[in-house]
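Let the sequences and hints guide you as you build the complete structure.
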Amino acid sequence: MSKVTTMRDAVAELVRDGDTVAIEGFTHLICFAAGHEIIRQRRRDLTLARMTPDVIYDQMVGAGVARKLIFSWLGNPGVGSLHAVRRRVEQADPEPLELEEYSHFGMVCRYMAAAANLPFFPIRSYYESDIPRVNPKIVPMRSPYEDGTEVYVVPPLRPDVAIVHAQRADAEGNAQIWGLLGCQKEAAFAAERVIVVCEELVEEATIRKDPNRTLIPGVIVDAVVEEPFACHPSFAQGYYDRDNAFYLAWDRIARDPETLQGWLDEWVYGLANHAEYVQKWGDAHWERLRPEPAPSGEVDYGRYR
Amino acid sequence: MSAPGEPGYSKSEIMIAASARQLVGVRNCFVGVGLPNIVCNLAQRTVAPDLQLVYESGVFGARPERLPLSIGDPTLATGATAITSMFELFAFYLQAGLIDVAFLGGAQIDRFGNLNTTVIGDYARPTVRLPGSGGACEIAIHARRILVIMRQAKRSFVDRLDFRTSPGHSGDPAHDAARGWTGTGPTCVVTDLGVWGFDADTGEMTLTSLHPGVTLEQVRENMGWEPRVAPELGTTEPPTAEELRLIREELDPGGIYTKPGA
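Chains A and B are the protein sequences, given in the same order. In this text, residue positions in the first sequence follow our numbering: the first is 1, and each later residue adds one. In this text, residue positions in the second sequence follow our numbering: the first is 1, and each later residue adds one.
Just so you know, not all the hints are guaranteed correct.
[Stated by the list, open to error] Take a look, some chain A residues computed to stay more than 10 Å from chain B by CB distance:
| # | residue |
| --- | --- |
| 1 | LYS3 |
| 2 | GLN41 |
| 3 | ARG67 |
| 4 | PRO77 |
| 5 | PHE120 |
| 6 | PRO156 |
| 7 | GLN167 |
| 8 | GLU200 |
| 9 | LYS209 |
| 10 | PRO211 |
| 11 | VAL219 |
| 12 | GLU258 |
| 13 | ALA272 |
| 14 | VAL278 |
| 15 | ALA294 |
[Stated by the list, open to error] Facing chain B, according to a computed beta carbon distance under 10 Å, are these residues of chain A, among others:
| # | residue |
| --- | --- |
| 16 | HIS28 |
| 17 | SER72 |
| 18 | VAL85 |
| 19 | GLU101 |
| 20 | VAL139 |
| 21 | SER143 |
| 22 | TYR145 |
| 23 | THR149 |
| 24 | GLY179 |
| 25 | GLU186 |
| 26 | GLN237 |
| 27 | TRP281 |
| 28 | GLY282 |
| 29 | ARG288 |
| 30 | PRO291 |
[Stated by the list, open to error] Label pairs and their calculated CB-CB ranges:
| # | chain 1 | residue 1 | chain 2 | residue 2 | range |
| --- | --- | --- | --- | --- | --- |
| 31 | A | ASN273 | B | PHE92 | 40 to 46 Å |
| 32 | A | ALA249 | B | ARG160 | 33 to 39 Å |
| 33 | B | VAL128 | A | GLY148 | 35 to 41 Å |
| 34 | B | LYS259 | A | GLY80 | 17 to 23 Å |
| 35 | B | THR184 | A | GLU266 | 51 to 57 Å |
What the hints contain is simulated information worked out from the structure, not anything from laboratory work. Quick caveat: nothing in here was measured; it's all calculated off a predicted structure. C-beta atoms are modelled at their ideal positions from N, C-alpha and C, and glycine is treated no differently.
Following this line, the structure appears as structure tokens:
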């Protein structure tokens, strides 16, 4: 059954006011186009979960769609701060933003617990750290076995919606990813609803030729959107490079609330969809971000009959 | 070119060279961006030819063809030994004890090597909201030893942290030995002024060498407690011509992290 739809319809149907939304992807495959569509449709009171909120959540927080962040590292990678987030946390400007924070491993294991339908996940972390003091959901526990090791446990994180980007997917949502995997798989299995966005929509046969590369099976997917360059200024391995210049530029844009609103007007509200965003950047921009080819070798699965 | 009387290398360059020499023979090293990345790549070309670059983004054995500008740079994926999910990286590689050395830094460090990367001021209404832990909290616990690279200043070398994100030594070595952690905590802090070790009896940061031209008075002026100084305080070996060539021509040709003032 084809689940192929547009970004507008996927967000309209599957992302609701008040939802917990996870747009995952660790530096790689961050689906900015989905974030922009959520801003465009003016969703409100979202709880945004991500290991690294990144520029995408700074844009969403600046646009007023979120009331809370669940995260483990709150910065602009390689650059510095997320200024829209900081204004709300440090000065409640224009309103407070609730934070719930973990370490990276704790955050991954929250998705893991939900994906595996476990009540909690134990990890050896947080010892002698102040993090559990400010987050009572991180709880110390002794192993019931002889060694009696003290661990900390974290609760499941079950997003209402996970939005994951893949290099390619078929119409049913079977999605293949290569390069940095982040916790896209864990987040997708943890979520109630899943939107898969892909650079390329491919035939089922292409997926079946290389099943080890399928990270997310269509059986847990609700909608499939084909949206080339949807991750910009993040990247898609083998398709386009990270736009580090934009990450630097965002530092300047986000420092001033009016400049930030002007950017949203020009690049999000003022455009009907991501195709217009791609067109607005222009072909030369995309050409500059295109990597040289470095194809993998092929493996032989063998044919058995 | 340097002016007469100038040392011929930048503060970043002596920090990089001094740090790289801490990695003699190291195999599995958890890397960050910026200086630690250059340090590890320099060590791989000098004192640690078998060094594997491991990134928390899930890359084991990276072979970057350009200077990575984030720990998730695509150049780290292409040509790597393995790419794992983040769960596997943290569970199988870090928590299970495969990582020999990791680099950490922070906005604040105390005399026992505890680090703050979370807030300046009160947690609920911070003066400055910093990024938080990322992987640092568990890296501090599990990596067999921790190296810290930080510039010294009164506001960063503090008597008391505003928030303890990542644990260092407790000040009680008997307590530390009984923790049962894979990691032994910070063993070295390289700053723009000198190199620090940690005293075996107290776990306290101890100045072991001053960079050429730096005085003990400058060190005192740039920290928030009275420093412990090793009985035989040495002078840090300056970067060699070969180390400087590698840094300037191969590792950071644009001078992004190493040009004077960077």
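Going down the list of hints, with the structure as the test:
| no. | hint | result |
| --- | --- | --- |
| 1 | LYS3 | 25 Å, holds |
| 2 | GLN41 | 28 Å, holds |
| 3 | ARG67 | 16 Å, holds |
| 4 | PRO77 | 4 Å, violated |
| 5 | PHE120 | 15 Å, holds |
| 6 | PRO156 | 14 Å, holds |
| 7 | GLN167 | 12 Å, holds |
| 8 | GLU200 | 18 Å, holds |
| 9 | LYS209 | 20 Å, holds |
| 10 | PRO211 | 17 Å, holds |
| 11 | VAL219 | 20 Å, holds |
| 12 | GLU258 | 21 Å, holds |
| 13 | ALA272 | 30 Å, holds |
| 14 | VAL278 | 19 Å, holds |
| 15 | ALA294 | 5 Å, violated |
| 16 | HIS28 | 6 Å, holds |
| 17 | SER72 | 6 Å, holds |
| 18 | VAL85 | 7 Å, holds |
| 19 | GLU101 | 5 Å, holds |
| 20 | VAL139 | 15 Å, violated |
| 21 | SER143 | 12 Å, violated |
| 22 | TYR145 | 15 Å, violated |
| 23 | THR149 | 8 Å, holds |
| 24 | GLY179 | 4 Å, holds |
| 25 | GLU186 | 6 Å, holds |
| 26 | GLN237 | 5 Å, holds |
| 27 | TRP281 | 19 Å, violated |
| 28 | GLY282 | 22 Å, violated |
| 29 | ARG288 | 14 Å, violated |
| 30 | PRO291 | 7 Å, holds |
| 31 | ASN273/A with PHE92/B: 40 to 46 Å | 41 Å, holds |
| 32 | ALA249/A with ARG160/B: 33 to 39 Å | 38 Å, holds |
| 33 | VAL128/B with GLY148/A: 35 to 41 Å | 40 Å, holds |
| 34 | LYS259/B with GLY80/A: 17 to 23 Å | 18 Å, holds |
| 35 | THR184/B with GLU266/A: 51 to 57 Å | 53 Å, holds |
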